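Each protein sequence line maps, in turn, to chains S and G.
The numbering used here puts the first residue of the first sequence at 901, with every later residue one more than the last.
The numbering used here puts the first residue of the second sequence at 29, with every later residue one more than the last.
Do not take every clue at face value.
[To be verified] Counterexamples of contact, computed for chain S against chain G with all Cβ distances above 12 Å:
| # | residue |
| --- | --- |
| 1 | Arg-903 |
| 2 | Ile-920 |
| 3 | Glu-930 |
| 4 | Ala-990 |
| 5 | Glu-995 |
[Claimed, not checked] Looking from chain S toward chain G, a few residues come up when the C-beta cut is under 10 Å (computed):
| # | residue |
| --- | --- |
| 6 | Glu-918 |
| 7 | Pro-1005 |
| 8 | Leu-1012 |
Worth flagging that the hints you see were computed from the coordinates, not collected in a lab.
These numbers come from a predicted model, not from an experiment.
C-beta: ideal position from N, C-alpha, C; glycine also.
One-letter residues, chain by chain:
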Amino acid sequence: VTRATRILVVEDDESIRELIDLVLSSAGYEVVTAENGAFALQVIDGARPDLILLDMRMTVMDGWEFARRYRASPEPHAPIVVVTAARDAAERAAEIHANGFLGKPFGVDELLALVGNHTRRV
Amino acid sequence: VRAVMDALAGDVMALEERSRIGPRLRETLSRITEEATHLLNAEGAGLRLVEGDELIRVAAYGPEGAVMARERLRVGESLSGRVAATKLPLIVADTDDEPSQDPVYRAMARTHGFRSWLGVPLLDHERVMGVLVMQSQSEQRFGPSDVRLLEAFAGQAAIAIENAQLFEREHERRRQLEAVREVTALLASETDLAALLELISRLVTELLGIESVAVYLWDEASATLVPRAWHGFGDWLGDLRIRPGEGVAGTVAQRLTGVSVDDYRTVPFAQPTVLERSEARAVIGEPLLYEGQLRGVITASIQHEERPFSEQDRQLLALFAAHAVIAIEHARLHEARGWALAEAEAARRRAAFLAEVSAALASSLDYDATLQHVARLAVPTLADACAVFELTASGEIRCAATAVGAATRADLAEALDRCRSGPVSPRSDVGSAIRTGRPALTDVTQAPCFQVIDVDADDLEDIGEVRASIVVPLRARGESTGALALYSPGEARRYGPEDLSLAEEYAGRAANAIDNARLYREAERAVQARNEFLSVAAHELKTPVTTLLGFSQLLQRQLLQAGAVDERVLVPALRGLERGSKRVSRLVAQMLDVSRLDGGHLVLDCQVTDLAALVQGIATAMQTTTDRHTLLARTPKRLQALIDPLRLEQVLTNLIDNAIKFSPDGGQILVELSLTSPRMARLTVADRGIGIPPEKRQRIFERFYQGHEDDHASGMGLGLYISRQIVELHGGSIHPEFMNGGGTRFLVDLPTGLADRPTRRGGKG
Chain S
901 VTRATRILVV
911 EDDESIRELI
921 DLVLSSAGYE
931 VVTAENGAFA
941 LQVIDGARPD
951 LILLDMRMTV
961 MDGWEFARRY
971 RASPEPHAPI
981 VVVTAARDAA
991 ERAAEIHANG
1001 FLGKPFGVDE
1011 LLALVGNHTR
1021 RV
Chain G
29 VRAVMDALAG
39 DVMALEERSR
49 IGPRLRETLS
59 RITEEATHLL
69 NAEGAGLRLV
79 EGDELIRVAA
89 YGPEGAVMAR
99 ERLRVGESLS
109 GRVAATKLPL
119 IVADTDDEPS
129 QDPVYRAMAR
139 THGFRSWLGV
149 PLLDHERVMG
159 VLVMQSQSEQ
169 RFGPSDVRLL
179 EAFAGQAAIA
189 IENAQLFERE
199 HERRRQLEAV
209 REVTALLASE
219 TDLAALLELI
229 SRLVTELLGI
239 ESVAVYLWDE
249 ASATLVPRAW
259 HGFGDWLGDL
269 RIRPGEGVAG
279 TVAQRLTGVS
289 VDDYRTVPFA
299 QPTVLERSEA
309 RAVIGEPLLY
319 EGQLRGVITA
329 SIQHEERPFS
339 EQDRQLLALF
349 AAHAVIAIEH
359 ARLHEARGWA
369 LAEAEAARRR
379 AAFLAEVSAA
389 LASSLDYDAT
399 LQHVARLAVP
409 TLADACAVFE
419 LTASGEIRCA
429 ATAVGAATRA
439 DLAEALDRCR
449 SGPVSPRSDV
459 GSAIRTGRPA
469 LTDVTQAPCF
479 QVIDVDADDL
489 EDIGEVRASI
499 VVPLRARGES
509 TGALALYSPG
519 EARRYGPEDL
529 SLAEEYAGRA
539 ANAIDNARLY
549 REAERAVQAR
559 NEFLSVAAHE
569 LKTPVTTLLG
579 FSQLLQRQLL
589 QAGAVDERVL
599 VPALRGLERG
609 SKRVSRLVAQ
619 MLDVSRLDGG
629 HLVLDCQVTD
639 LAALVQGIAT
649 AMQTTTDRHT
659 LLARTPKRLQ
669 ALIDPLRLEQ
679 VLTNLIDNAI
689 KFSPDGGQIL
699 VELSLTSPRM
709 ARLTVADRGI
719 GIPPEKRQRI
729 FERFYQGHED
739 DHASGMGLGL
749 YISRQIVELH
759 GGSIHPEFMN
769 GGGTRFLVDL
779 PTGLADRPTR
789 RGGKG
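Starting from the given sequences, assemble the full structure and let the hints guide the process.
So, in structure tokens, the structure goes:
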């Protein structure tokens, strides 16, 4: 029995969090949400995600700090896709050596295609 | 005897020079003696002419040096002197028996073997002109017939001499005129007044053959003669101021005609200092008259020597003075023209400077660069050091730019630097110039100019070298926007009214340039703010637009794929759509508010409202948006105020919203309403949240300022900005209080706007 592909959504805006959760859940993914980087670090060991969707600007712990700490841990690391409203989304992604990026506003198809691309090997 | 005679003969030339005997006269005189010798068949003849009380030898005929041993005789002395004194002929039959017993004559006669002597007077009517003398080596040579013959001849000779003298005088006069003409030509070439006066003084000494000359100019203001050039007197003469009637010069000035004195020591109007410090004896003075106006006086003196000036000397001086005054007038005009030219040149330089300044100031619209330009351009033309002060929006005076010259003392430069570190006292020169709009010109020897700068008094004492300052206000569009201070250290510069007017001209241009740069900066900031606004707005809209787009696409997708939407998707999707719509709508409303505020179009729709009910209602409504926070509203039962209820709801919602957002751990939020005075209501919203970092508290009411900028929750940074504008439109105020250990309380003070209404309109309503 293989478990469903698991996505960790780190996003401080509740509506976006709910949207991504709903879209991915409906498409058969298992979704774990965290409203900031600190909370995400707490749940990530238990969750063992196959992909992380990461917002950059968050209170308590932002995307940069989260990425730094996550990469510092010894475990094999899941790919990170940056989800941002910033104009220079690609730059943001490059800053933390992310595997991809998704600029807001995004469509459902776009989100699903991106997640599919980064999780196909699983 | 021979030695005596040789010495006397050597003087002949000098004597002729002094007697001014010209060639025509000399020839006449020689002819007379020669003719007389032949006429009486004698061995020699001599001729003396009267000058004062002396007889001067003027011609002789006979053996070399034989006739007339002495150059001059007094009237009555020796044989010729007797003839002149008695006006009668005299015969000496034998030299050994001659009545005067004159040893010189006897020695001479013996040497040459003269034995007989005859002398007759030369008479011009009754006046004795001279004596004609005959010599013979024969004893008893002359008899009465010789006397008659010689008297007749002497009569003719006198007429001839008279004629020759007239001719000589005329000739001499021409010679003098020629001399004056020559020196006048020299005068005309000198246009510098001081040098000209010096030249005049020197030429008079040469013309009259004397050593002491003084040239005075008349000073109208003090009504005195001022010595301007002199020879033969010490420097002390320069200190004298001669009043009319005082000394020869003053007397000339009073009478406007020439004055001559033979002995200054006996003159009643003698100037005491001149009398005491000079050896002046004979003095002549002539006025310098130009078109009848007194311009000055020239005096010439003979010192040490007992000798009068001749009438010719006086005439010569008068003639010279007439020419000299024209040269003086010419030099004065030249000098005045030079001043006028210098003034025109200075005006041209000022205009060029101002033109250069305008061009330089127009070259940049950058505010700070313009301030620097204004300071720098003033050095060194206007000042050795310059400081530009600006009146800030908060009413403080600050030094915005300074410039110092290459030669500026280090302590002044340092003091100027220090003055940039803090505000300048409003009681200073700078403060006063800004307040009154009037410039100040300070001679620093009287008032310490550095009072403009609030620095320690110890520092000021060291800047004693600053000698003068000008402080001019910078005024643009009718208002003082700052001031310009110009400093001049050392002796090099004293500021005068002309400097002040140039400084004001400069300040006018500087103020305009600074004002332009300021407006440009404001316009730039406005454009920047608008761009920032659009950028922030676009960014903020992305989040709700994402949810709207996402949820609607999700619903469509499910509908297409499954023909129906799962309820577990439908409910949250619809809730998400509603929230996203509300968020978009709120953002758009805020943007419109800001736009209205910027354009001054936000208008209140005030009505009498029960604030207590409004506050309670909002608190209740806001409580539904959170379950982590407890909203507690404390209000009086009723509090009527004339306000815009919708706008005030916006303010209160924003404050409560902030309190909720910045208390992420939940907790109590206390909303209170009270009357602080009969006409003032106070509304407070207090949370126990994360607070606001001290360094950010200053700016929380600024547009787009986000106290927590890394935080989505902070939104566009417009909430507090709009709230404050709304409160202020109501005539109220809003300010925050920050609690130790976190928590923020916002206080809103609002006038109720109702205090007078019940008494005025109470009865009928």
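Going down the list of hints, with the structure as the test:
{"no.": "1", "hint": "Arg-903", "in the structure": "holds, 21 Å"}
{"no.": "2", "hint": "Ile-920", "in the structure": "violated, 8 Å"}
{"no.": "3", "hint": "Glu-930", "in the structure": "holds, 15 Å"}
{"no.": "4", "hint": "Ala-990", "in the structure": "holds, 16 Å"}
{"no.": "5", "hint": "Glu-995", "in the structure": "holds, 15 Å"}
{"no.": "6", "hint": "Glu-918", "in the structure": "holds, 6 Å"}
{"no.": "7", "hint": "Pro-1005", "in the structure": "holds, 4 Å"}
{"no.": "8", "hint": "Leu-1012", "in the structure": "holds, 9 Å"}
Against the hints set out earlier in the document, a violation occurs for number 2 only.
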